[in-house]
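Protein chains: 4
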Amino acid sequence: MLITNYLNVQIAGDSHGPAVYGIVEGFPFGFDVDVEKINGDLKLRQIGYGRGSRMKQECDEVKFESGLWKGFTTNMPIVMRIKNRGTYPEGDDERTLPRPGHADYSAYMKYKNKDMRIYAEGASARRTAAIVAVGSLCKQWLEKRGVFVLSFVESCGEIGTRMNFENLKIEELRARRNESPVFCPDLETSKKIVKKIDEVRNEGDTLGGTVKTFVRNFPAGMGSFSSAQSRMDSVLGANIFSIPSVKGFFIGNPASHLRRGLEVHDRFGKENDEIVRLSNNAGGIEGGISNGMPIVTTSYLKPIPSISAGIESVDLVTGEEKKVEYVRSDVTAISPAAIVIEAITAITAADFCLNDGGM
Amino acid sequence: MLITNYLNVQIAGDSHGPAVYGIVEGFPFGFDVDVEKINGDLKLRQIGYGRGSRMKQECDEVKFESGLWKGFTTNMPIVMRIKNRGTYPEGDDERTLPRPGHADYSAYMKYKNKDMRIYAEGASARRTAAIVAVGSLCKQWLEKRGVFVLSFVESCGEIGTRMNFENLKIEELRARRNESPVFCPDLETSKKIVKKIDEVRNEGDTLGGTVKTFVRNFPAGMGSFSSAQSRMDSVLGANIFSIPSVKGFFIGNPASHLRRGLEVHDRFGKENDEIVRLSNNAGGIEGGISNGMPIVTTSYLKPIPSISAGIESVDLVTGEEKKVEYVRSDVTAISPAAIVIEAITAITAADFCLNDGGM
Amino acid sequence: MLITNYLNVQIAGDSHGPAVYGIVEGFPFGFDVDVEKINGDLKLRQIGYGRGSRMKQECDEVKFESGLWKGFTTNMPIVMRIKNRGTYPEGDDERTLPRPGHADYSAYMKYKNKDMRIYAEGASARRTAAIVAVGSLCKQWLEKRGVFVLSFVESCGEIGTRMNFENLKIEELRARRNESPVFCPDLETSKKIVKKIDEVRNEGDTLGGTVKTFVRNFPAGMGSFSSAQSRMDSVLGANIFSIPSVKGFFIGNPASHLRRGLEVHDRFGKENDEIVRLSNNAGGIEGGISNGMPIVTTSYLKPIPSISAGIESVDLVTGEEKKVEYVRSDVTAISPAAIVIEAITAITAADFCLNDGGM
Amino acid sequence: MLITNYLNVQIAGDSHGPAVYGIVEGFPFGFDVDVEKINGDLKLRQIGYGRGSRMKQECDEVKFESGLWKGFTTNMPIVMRIKNRGTYPEGDDERTLPRPGHADYSAYMKYKNKDMRIYAEGASARRTAAIVAVGSLCKQWLEKRGVFVLSFVESCGEIGTRMNFENLKIEELRARRNESPVFCPDLETSKKIVKKIDEVRNEGDTLGGTVKTFVRNFPAGMGSFSSAQSRMDSVLGANIFSIPSVKGFFIGNPASHLRRGLEVHDRFGKENDEIVRLSNNAGGIEGGISNGMPIVTTSYLKPIPSISAGIESVDLVTGEEKKVEYVRSDVTAISPAAIVIEAITAITAADFCLNDGGM
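Protein chains in written order, with our numbering: chain A, 16 to 374; chain B, 16 to 374; chain C, 16 to 374; chain D, 16 to 374.
Since no wrong hints were added, every one of them can be taken at face value.
No distinction is drawn between identical chains; accordingly, a pair holds when it is met within one copy or between any pair of copies.
Capping the alpha-carbon separation at 20 Å, the derived lysine to aspartate or glutamate pairs in EDC-like fashion look like this:
no., residue 1, residue 2
1, 207, 194
2, 285, 327
3, 285, 336
4, 206, 194
Source of the hints: derived by calculation from the structure; they are not laboratory data.
Only chain A is shown next, with the shape it has when bound in the complex (with noise of 0.2 Å):
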């Protein structure tokens, strides 16, 4: 489940079972979905540069198989299904090799079953498939209300963009983004990426980066500061976290830490005798309360785990040390994982639209 006050998100399904689903309690009666806008930002998950030809070769395609009449939502519980390419292995070809970054060795603890294969089955990123076909329908819920959510890359490892795409519009963001083979919308910084990630994949190696986000026009007053439960920034963090790869976030300006309270804080100020915020450090929420300001989000990602060139393990049956080693990889997730986040938040968003909404 993801932390959420209003909906009631489960994702689930094994990563080699017949499919992965999301399924969704309380979403809003009479809301028309559009199922290929759906399938088209699944299709975008599967893309981007640096993704193995794994991904390529499968196509997703979301399902109903509850909550929808006639093209309409019915409140009922939803039941997004994806089915999945692969199949359970099989035969008795037990993976005794924890791979370091992955869970297995932390699951092994858990459940002390030396067979890592099957915690691959949970802690992979294919039920993040999920988690982008229920975002794309919140995406839409938020759309009809003006309400949108973008994200893209904006670093890779050590190479990153500096431009400031606050005031770009977000038709013309997103094009941007969706260009860009690694969905970094500042087109030299994208091709620099997409060169890096080159000169990795030949020695093997791996990386991370950074997701910014941008949810735009959300309304002002929702979330509350009387509870983790209710605060804004408190629930995008849980969600945000239980994207693979995630160790770090911030809301708003990443260095708010490092200055001083004259610079950060958010002045007000007048324009067309309207109250206006003369900055955008807090990131649009101030006081886990979302303050009218754009939401702006960043999201740090550790390199993906699956090290082409080898990285040193233990063998928890031999005990015998080895490097644990993969055939095929990519080099980074950060594109895919831009409109995971996109998705996520999405989720968030909505939850705290409706949750709010009867106040």
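Mind docking chains B, C and D on chain A? Use the hints.
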């Protein structure tokens, strides 16, 4: 409420009401509580260079009003009550000038009441005393199981320590932290921070900073990769973002996103025939589950928004542009924040131990 | 905690601790509270023929220690504190004889502590004062929306009324109930109950009974059939079973299971061109959702288990078979239970209105 | 979702969609599942005198689409999928005549859509197949711990058994139940019920009834008196009220409210030097906590609302008063309801064992 699975923790109390409260449902039966140790943590929270005179006068003491019988816990809902010194402001002297960086404006957009004093009752740091009390109880419970939680100031503004405390014994680290007027265990850096605080105080400005937290001896196998609600990284993040001023959070090495996979992922090796990790960039959590290494996190706090030099705002009633001014103010909350973050980390750690004990 | 979707209601407090508490998170902003009305309900709970002298001496009063600002609610966690008169028992005079019908033995099997006095702190009727306070607040909120909740005693032991109060105005029904020393609005039956209570008191025995509850003017369309958490019948049932002594609960006509479909199901008809229901055997809920008819429930309470004639038990320490004896005791709790059930019904009703208001 | 503390159980699926689903998060790792036993329970649910021909044609089979690895559970979210036979109705032939006793009208008042067919997708008995699948899994888990759950029909309409089955061995009781075409283990009464059903079928009317449930060998000390969420009586009640047609629920002796304390409360005595209870009027739960005696409950179901003789309604579009007519219909759902109530009791019992195991 905090986000938890087993314990049910409610933090309540207006900053000028008669008391603040920590209410805990689900705490195990039969645990002997050292109330004076809790009062010791409450006192630590009140100390700290850079804090204004107001805090010095208070002397928080907790009273268990429920759930304690002859000194041990009864598994009934615990009510911890900490008296406030102040009283609700009297008179109709409304404050209609929202303070940048506070919840004033976002709360106003939610509730539409123009008297900002109301919002300061809930969106204040006063309630963190209740968090410290609950966290202190949880620390005692963890310590009985050999688990130790410690937070300290790593940087204030741009001044930070580069020392690595990971190999220091917990007792020594705690002693050093408490010796420092700003809770920074690197005493050279501590001095520099004190100097910087004095400087910034003279300018009427404020500072933020970072807090490092260690959880030592935390058992492996706690948490799950199946949902945001049960992932240790998600829940830790959510609870820490509920602390006022926190804008960022990292688990493990905060530079992981910049580095390559071979640098970041923590190799397995052997020592005396036991499997060991050769580094701890993951910060003790892989795939949402603890891996047996110390849990290491960094929390990033913005400067406090009450700036004695004044900061531009607009009166919500008169529309007049003017500065919010403070007659007194702290320069930074980073030192008490370390005590609060230690507490909320302990609550989260105890919750996971209790929840996973039944597996 | 009660089971709720929108409000978050925690009931706490030991029966001999300093106070009992009702804590409410999520109550809407800006509601003017009539505290004296709440104290009136607290007083009603303390009255009732058959109650022992202990209750008469108490005079419960609620104090809002958080969440109220100049008389209106602030959406911050509300803390309602009601002082207790008693104090924790002193000395080491353990009670090791479990009382049949109390939680003594079941709690002992859970906690393994042989002093039964501990369990009486939590598993007592004292905490229902806090439920009445929270329920009274919710009743005020519902009444502003034209919704009225009323509970009354329908039977005590084998003596019950056969009057149908469904067409009586709420004010008259409430007046009649409060006129009756046992809260039974059929004054003939009320007299018989009083007589029966006197009889049973002389025999040192105790009585149970039934409480009928009406929720008038409750809006149609609240609740859902999608889950136990969102069904009105499930949540109402759960909360009412949390009241000590409740062993049964019915919604609508308690003979529905005996009758045929054509007798039970509430036909639709027309009156002044409006669709009406020709009966209300469903008790206002169909498929878990309110249907616009009054909600009608019956709660069934066992006799109170503190029996002055004594009842057989076995000492957990000595193994001796002996009777549990009471020097004083009430004959029945059915009258105060009516006030408590009214309160918890109001909490549940308000929760559903708040939760579904956003749809 | 069901109301649970440890397991997280989501029931989903439209009655004419491709499948219904039981999704379970938190089920323990490493449990060997007997899938055929689950299919056996699914079949039992489909049998039962009085059920129409529709049910006989179906032959439900469960498929684990997640959370099972080589036959054992992996603690990852379990997805149990049961294919439906039907398909969504095609065409625009709206049904605008609400059926008394169904969710039609209450759902219409919630959603304002005049096509009643929509609401029948969620508010139907079809989803109870998923409950039976999840409950069957939980029964297997409980049986490994020596705990047995059994439900049977005690009465149908006014015909009920007066036999006491409390001393019958569980295997014999189950054999007798399954032998009866209506799942009533008193074979004389069973015959009378069959005769009554035939009679009522000829009249085109329907019947309700009562289901008795035993949980044998359930450990003492499960549950808590501290909150509705953790009381066993509250949670059991809530989940059972989520079963369509349930209008009443009792724990223990359903006449407790009529009797005196000395008759009702279960004395302690000694047998072979062990403490025993001399009766079980409490039905195994005191103060919300299991006391070690069998848990005994009674569920009360209204007659099914699909009445072939027709029942008066009013068309929501035309305003015309006319009868709702059914071409085919069952007379009663009491027999399959017994299987469903057994399942949901097992889910609740397993949840409490899992949750309290860690204490």
